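Starting from the known structure of chain A, arrange chain B on it as the hints suggest.
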Amino acid sequence: MSDIRVLVADDQALLRGSFRVLIDTTPGLTTVGEAADGVEAVELARVERPDVVLMDVRMPRLDGIAATREICASVAAVRVLMLTMFDLDDAVYAALRAGASGFLLKDVPPAELLQAIKVVAAGEGLLAPSVTRRLIAESPGWPSRGSRRWPGWTG
Amino acid sequence: MTESALTQQLSRRQLIAFDCLVAVVYAVLLVLTTPVDAPPWTVLVTVGLAVPVAVRRLWPRPALVVVIGLSVVAVVLQVLRDPLLAASFVLYVVGLTRAAAPATNRLLSAAGAVGVVVLFLGVMGGSSRGSTNVALVLSGLAAMYGTWMLGRVIRDRRAAAVQAARALAERAVSDERLRIARELHDIVAHSMGLIAVKAGVANHVLKVRPEEVSDALSVIETTSRDALVELRHMLGLLRTPFSPAPLGGLAALPELVERVESTGGGGLVGRRRAGRFARGGGVDRVSDRPGVLDECGPARAGHSLPRRGCWRRVRRTGRSE
Numbered sequence: 001m002s003d004i005r006v007l008v009a010d011d012q013a014l015l016r017g018s019f020r021v022l023i024d025t026t027p028g029l030t031t032v033g034e035a036a037d038g039v040e041a042v043e044l045a046r047v048e049r050p051d052v053v054l055m056d057v058r059m060p061r062l063d064g065i066a067a068t069r070e071i072c073a074s075v076a077a078v079r080v081l082m083l084t085m086f087d088l089d090d091a092v093y094a095a096l097r098a099g100a101s102g103f104l105l106k107d108v109p110p111a112e113l114l115q116a117i118k119v120v121a122a123g124e125g126l127l128a129p130s131v132t133r134r135l136i137a138e139s140p141g142w143p144s145r146g147s148r149r150w151p152g153w154t155g
Numbered sequence: 001m002t003e004s005a006l007t008q009q010l011s012r013r014q015l016i017a018f019d020c021l022v023a024v025v026y027a028v029l030l031v032l033t034t035p036v037d038a039p040p041w042t043v044l045v046t047v048g049l050a051v052p053v054a055v056r057r058l059w060p061r062p063a064l065v066v067v068i069g070l071s072v073v074a075v076v077l078q079v080l081r082d083p084l085l086a087a088s089f090v091l092y093v094v095g096l097t098r099a100a101a102p103a104t105n106r107l108l109s110a111a112g113a114v115g116v117v118v119l120f121l122g123v124m125g126g127s128s129r130g131s132t133n134v135a136l137v138l139s140g141l142a143a144m145y146g147t148w149m150l151g152r153v154i155r156d157r158r159a160a161a162v163q164a165a166r167a168l169a170e171r172a173v174s175d176e177r178l179r180i181a182r183e184l185h186d187i188v189a190h191s192m193g194l195i196a197v198k199a200g201v202a203n204h205v206l207k208v209r210p211e212e213v214s215d216a217l218s219v220i221e222t223t224s225r226d227a228l229v230e231l232r233h234m235l236g237l238l239r240t241p242f243s244p245a246p247l248g249g250l251a252a253l254p255e256l257v258e259r260v261e262s263t264g265g266g267g268l269v270g271r272r273r274a275g276r277f278a279r280g281g282g283v284d285r286v287s288d289r290p291g292v293l294d295e296c297g298p299a300r301a302g303h304s305l306p307r308r309g310c311w312r313r314v315r316r317t318g319r320s321e
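Taken in sequence, the protein lines are chains A and B. Position one of the first sequence corresponds to residue 1 (UniProt numbering), numbered consecutively onward. Position one of the second sequence corresponds to residue 1 (UniProt numbering), numbered consecutively onward.
One chain only, chain A, in its complex shape:
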């Protein structure tokens, strides 16, 4: 089985460097490129055709969500794992709608980040626990009697 090829997109060079070191020192993972903004990320994704893109949400020129939308639309079989400093609601929903396979906070422990890359590359979805909890709280849940939030479901 060949290595999982990862593209790192983040506007902070220091962070990109750390992620690259982390990925390259892990057996089975390899970094195929670094992008400093959304536009570069889209171009590199088209050229390199990585398995996973680590995508920052906030980036100059083209933000991570728009870049994700373009990559998911134009590059086949690529998985996007969104990374952000804050699990802001809007960013989470927008990223998932744009086609991201996962959503993690940047300060996730390295082992978990590596695990997440593998999970996403395998075609599964993965969310940070805090994001998951929020999604559960926000989701309509099972239709229940007398539910006022979604009256159409019961009627």
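If you only want the chain B side, here are some residues facing chain A, beta carbon under 8 Å, derived:
(1) A196
(2) K198
(3) V219
If you want the ones that stay clear, here's a sample from chain A, every Cβ over 10 Å from chain B, calculated:
(4) L44
(5) R97
(6) A98
Derived Cβ-Cβ restraints for the label pairs, each shown as a range:
(7) A:P129 / B:R209: 22 to 32 Å
(8) B:R209 / A:S139: 40 to 50 Å
(9) A:A73 / B:R182: 28 to 38 Å
(10) B:R182 / A:S2: 38 to 48 Å
(11) B:H185 / A:Y93: 14 to 24 Å
To be clear, the hints were calculated from the coordinates, so they are not data collected in a lab. What you are looking at is a predicted structure, and each value in this text was computed from that prediction instead of being measured. No residue lacks a Cβ here, since even glycine has one placed at the ideal position from N, Cα and C.
Same frame as chain A, but now just chain B:
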């Protein structure tokens, strides 16, 4: 700030000068229209009516008392020549500058309304007796009511404008604080995020890539130092510029005058006034800025004069810096 205070003071003087001019013209007109056969003390009443007009801005209430008393005398002696114009003129300033008790307000409103109705009925009925004196007094009362109401309305509008300006300033301050708070948050989050990732990764690759540790440590050091510098800068911003001056009670007034004096103003007058003023209890708050009394409390009757005097004195010493 100083400039606007200056123009305010100048315009006040000009207004008083204008009042004096009006008083002189009024007196001259009254004297000229006095019948030749009138007794000589008529002129005395005439001049007496004009003097309160001249000083209405200096001593509104005494001026009002004098002018109303003389008007009554004039009515009784049947030497009234105009519909209580002098009284209306003075009453306007009283309505403009002096807060009346709610009961007084209601009484005056009711009296005014009744007066207007009586006047209206009188005009409609065509007071056939031809008593000019009654007509003069009635229309004079109506005029007084009108000018008093006008003064009240303008006073209210000015108060509302001051209130609005204050609210606007407070809002600007809180907006700025919010912006600074957001920036503080961004600085902290950005730096701490970078530090967390750097440290986490370096720790994770410690065995396979030891050189990454020293790199990460230097990044962490720089990032945390920069963040601290930025935080200090932001906190400095948060503390200094627009913290409203700490307000003191009346006890702070002598200190304020002293501070004004220390800036080079000759403030002896201000100090004496301040002492008298503090005893009078017309004001309950003092601003920290040199020369401005911030908030005037409800003045007890009879102490409105020292309040105004003190305010002007302190401001004047403040200006001399």
